[in-house]
Amino acid sequence: MRVDLEDLLFSRGSFTLRGSGTFEEGVHLVSGPVGSGKSTLALLLAELLRPGSGAVRRHGVSSALLLLQFPEHHITCPTVAEEAGSWGLAPDDVLARADLAGRGDDDPFHLSRGELRRLTLACAVMRNPDLLMLDEPFGSLDCVAKREACRMIEERDAGITIIFSHERAVLPRVDAVWEMEAGALTARGSVPGAIPLWRHAPPYLAYALREGARPANIRLSDAREALCRIRG
Amino acid sequence: MIRVAGLRHRIVDIPDLTVDARHIAVIGPNGSGKTTLLAISSGIEEPRAGTVRLLGRPPSAVKVGWVGEFPDRTLLFSRVYDEIASAPRFRHHPCRETDERVGAAAGKVGIQHLLGKKVSALSGGEKALVALAAACADDPEVLVLDEADSHLDAGTAERVYRVVQESTAAHVLWCTQSMDTAAGADYVLFMEDGRVRHHGTPEEVFSALEETCFYPTMWRVLR
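Chains as they are written, first to last, in my numbering: chain A, 1 to 232; chain B, 1 to 223.
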């Protein structure tokens, strides 16, 4: 299973997006500043936008799902249980997974931001698509909710997961890092080799690298473990 | 000086609090009452009970600049210039003075090149910078930022931080989910379930939060 970007080119006004590369099975992080084209790339990968030239080619991918930046944009039903059902899932299973037991009759818009994010993320993960794309899954969340989101992403053990995010404090374990900058997509490669090449790495990772540590992955805990190893 | 007495509004419940610091970070989980406290302190909402006084006055008698989390929901005008000019115009400043204020605010934030643009053509980060310039255009006495950095990348967030540090406001109330940003404040309020659970210098507050994910990531690795 893989997704190939073949000389992808997309233009709108003065903005141009370019990208080539292959997304293999595993968790990918596409990082980059706001406005660099992360959401546009997500829409192209989801085939909701058509490239000007080049192509997105899916191989062995039988299902795909894009979770939008603002979870309220997914809501179509008046209750949390019906919303879960609209994803083709058993509501009780979703409520348990999203830690929302007893909230089935609530209006989804009465959930907090963190709860709504948990609901849509649980639905997306439980649908278990071959290709799952998450646009800023940590936006507006406190660190407790970000950790929950990371846990749900890490529990997904198959398929291709692509996270588009500028998050710099709470991140999940990933297999590969990509960077978007002014519309240009660059593959930094597999982790941990990608970490020293990651230009916009979070401050704690940049610090660990400066100290001579070699974190095994991109989480704060990985940076701390690597620092402990060299400090003894 | 910010004084809160007997404040009860929605879930916020703050019996007594006095803060004499310039840059005040307001942190805590989603739904802990941070936005409500900021809205009351800005005069956007009247509390059900109790009072907030800024510089010895009620918030409605203080010039407050407000930057919200979602600029799309707070930007009023379709042209960047008009948005930044709104506060001076609402105060009936003469045209020439308004123009000078708009130019100065845009210069401080580094967005002079956007003044002629339509707000709808801007990126999310640019909109946040326009909202910040609009909040600064009338030299606010108190600047309030409600998770204005949630949707900003590191470079833009640093620009916001610099503008806030250089502003002439006597107080800056800044709600953020970036603990590394909050660590640079003069004073920190940690809210939970509508109450102020911890308050004090960043060292005091974060030492109480060391076992939680609210501890700044840089402090974690530097330790």
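Keep in mind the hints are simulated off the structure, nothing from the lab.
Mixed in with the good hints, there may be bad ones.
[Claimed, not checked] According to the in silico footprint, chain A covers these stretches of chain B (three or more CB under 8 Å from chain A): (1) 4 to 12; (2) 178 to 192; (3) 205 to 217.
Note that the structure is a prediction, hence the values are computed from the model and not measured.
Beta carbons: idealized from backbone N, C-alpha and C, even for Gly.
Each hint tested on the structure:
1. 4 to 12: Since three or more residues must qualify, the claim that chain A covers the region 4 to 12 of chain B is violated, with 0 doing so at under 8 Å.
2. 178 to 192: With 3 residues in contact (Cβ-Cβ under 8 Å with chain A), the coverage given for the region 178 to 192 of chain B holds.
3. 205 to 217: holds (count 4)
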